[in-house]
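Novice: So the chains spell out like this:
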Amino acid sequence: DAKTTQPNSMESNEEEPVHLPCNHSTISGTDYIHWYRQLPSQGPEYVIHGLTSNVNNRMASLAIAEDRKSSTLILHRATLRDAAVYYCILSATTNFGNEKLTFGTGTRLTIIP
Amino acid sequence: GAGVSQSPSNKVTEKGKDVELRCDPISGHTALYWYRQSLGQGLEFLIYFQGNSAPDKSGLPSDRFSAERTGGSVSTLTIQRTQQEDSAVYLCASSLIGGAEAFFGQGTRLTVV
Chain A
1 DAKTTQPNSM ESNEEEPVHL PCNHSTISGT DYIHWYRQLP SQGPEYVIHG
51 LTSNVNNRMA SLAIAEDRKS STLILHRATL RDAAVYYCIL SATTNFGNEK
101 LTFGTGTRLT IIP
Chain B
1001 GAGVSQSPSN KVTEKGKDVE LRCDPISGHT ALYWYRQSLG QGLEFLIYFQ
1051 GNSAPDKSGL PSDRFSAERT GGSVSTLTIQ RTQQEDSAVY LCASSLIGGA
1101 EAFFGQGTRL TVV
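Chains as they are written, first to last, in our numbering: chain A, 1 to 113; chain B, 1001 to 1113.
Bound conformation, chain A alone (with noise of 0.2 Å):
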């Protein structure tokens, strides 16, 4: 399974933008890349998703770089509803279902009011 590396911790102030990285150097070129949150006491929750061109939705934007080799969740403006555990995945959308899904240990963002 390709990896992913994440920083382990980051705080960002109230309703400010968020930038979460992460390091996915051994990618393939089939794999997206996913990003799934868990808020305290929940399970994970789709976040985004992105191949090779920026995304974005509701929730977020996904600016992913040219080589591919990292990417960078973006929250535009932090609420404390934030707050939570954000993981980076690698799964190819036509194998999706069809192969576990690998969570790292995630990057545990604080939102400071």
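Honestly, the hints are just simulated from the structure, not real lab data.
This one's a predicted model, so the numbers in the text were calculated from it and none came from an experiment.
Among the hints, a few may not be true.
[What the hints assert, rightly or not] Cβ-Cβ distance ranges computed for the label pairs, FRET-style:
1) B:1044 <-> A:74: 21 to 31 Å
2) A:63 <-> B:1078: 41 to 51 Å
3) A:57 <-> B:1041: 21 to 31 Å
4) B:1015 <-> A:63: 47 to 57 Å
[Claimed, not checked] The calculated SDA-like cross-link candidates involving lysine to any residue, where the alpha carbons are at most 25 Å apart (straight line), are:
5) A:69 <-> B:1100
6) A:100 <-> B:1061
7) B:1015 <-> B:1109
8) B:1017 <-> B:1074
9) B:1057 <-> A:105
10) B:1057 <-> B:1112
11) B:1057 <-> A:93
12) A:3 <-> B:1064
13) A:3 <-> B:1074
14) A:100 <-> B:1073
15) A:100 <-> B:1012
16) A:100 <-> B:1015
17) B:1057 <-> A:102
18) A:100 <-> B:1096
19) A:100 <-> B:1106
20) A:3 <-> B:1017
21) A:100 <-> B:1078
22) B:1011 <-> B:1064
23) A:100 <-> B:1064
24) A:100 <-> B:1022
[Stated by the list, open to error] A few chain B residues that don't get close to chain A, going by computed Cβ distances all over 12 Å:
25) 1003
26) 1044
27) 1081
28) 1101
29) 1109
Glycine included, each C-beta is placed from N, C-alpha and C at the ideal position.
Model the placement of chain B on the given structure of chain A, informed by the hints.
Specialist: Just chain B now, kept in the frame of chain A:
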């Protein structure tokens, strides 16, 4: 139901007893995953199903753990002769094959006393 449902939400059992944890995936989702999460730790993969088959059982910690899925729907994770180190939150997720999002349940918190 609209989401992945797990039962019970909490289970306290005595050491040495057997327990069964249930997962009802989203209707039509062929893929089903089991994870466990010990206090303050990341997600540990246990097993996943494609339909009723389990191509990857590599994460099951010991032969005390087993899982089955019937009718391509409900899955049961069974832990025999529970030990205190089995205490954790057991999470279930489901997805479409070739989809891009796994949906997680709220988990079952298992406490072995």
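Novice: Does residue 1057 of chain B pair with residue 93 of chain A here, judged by a C-alpha cut-off of 25 Å?
Specialist: 21 Å, holds
Novice: Does residue 1101 of chain B really sit off the interface, with its C-beta more than 12 Å from all C-beta atoms of chain A?
Specialist: 4 Å, violated
Novice: Regarding the pair residue 3 of chain A and residue 1017 of chain B, is the alpha-carbon distance no greater than 25 Å?
Specialist: 37 Å, violated
Novice: With the threshold set at 25 Å, check whether the alpha-carbon distance from residue 100 of chain A to residue 1064 of chain B stays at or below it.
Specialist: 21 Å, holds
Novice: Do residue 57 of chain A and residue 1041 of chain B keep their Cβ atoms within the hinted range of 21 to 31 Å?
Specialist: 29 Å, holds
Novice: For the range 21 to 31 Å, tell me whether the beta carbons of residue 1044 of chain B and residue 74 of chain A fit it or not.
Specialist: Given range 21 to 31 Å: holds, Cβ gap about 29 Å.
Novice: Is it true that the CA of residue 100 of chain A sits at most 25 Å from the CA of residue 1073 of chain B?
Specialist: 18 Å, holds
Novice: Keeping to a limit of 25 Å between CA atoms, is the pair of residue 100 of chain A and residue 1022 of chain B held or broken?
Specialist: Cα-Cα ~19 Å, so holds.
Novice: Against chain A, does residue 1044 of chain B hold up as non-interface, every C-beta pair farther apart than 12 Å?
Specialist: With a cut-off of 12 Å, residue 1044 of chain B comes too close to chain A, as the shortest Cβ separation is near 8 Å.
Novice: CB of residue 63 of chain A to CB of residue 1078 of chain B, is that within 41 to 51 Å?
Specialist: 43 Å, holds
Novice: Under the criterion that the straight-line Cα-Cα distance not exceed 25 Å, is the pair residue 100 of chain A, residue 1061 of chain B satisfied?
Specialist: 16 Å, holds
Novice: Residue 100 of chain A and residue 1015 of chain B were given as a pair; does the straight-line alpha-carbon distance stay at or below 25 Å?
Specialist: Outside the cut-off at roughly 30 Å; violated.
Hint compliance for this structure: hints 12, 13, 15, 16, 20, 25, 26, 28, 29 are broken, all remaining hints hold.
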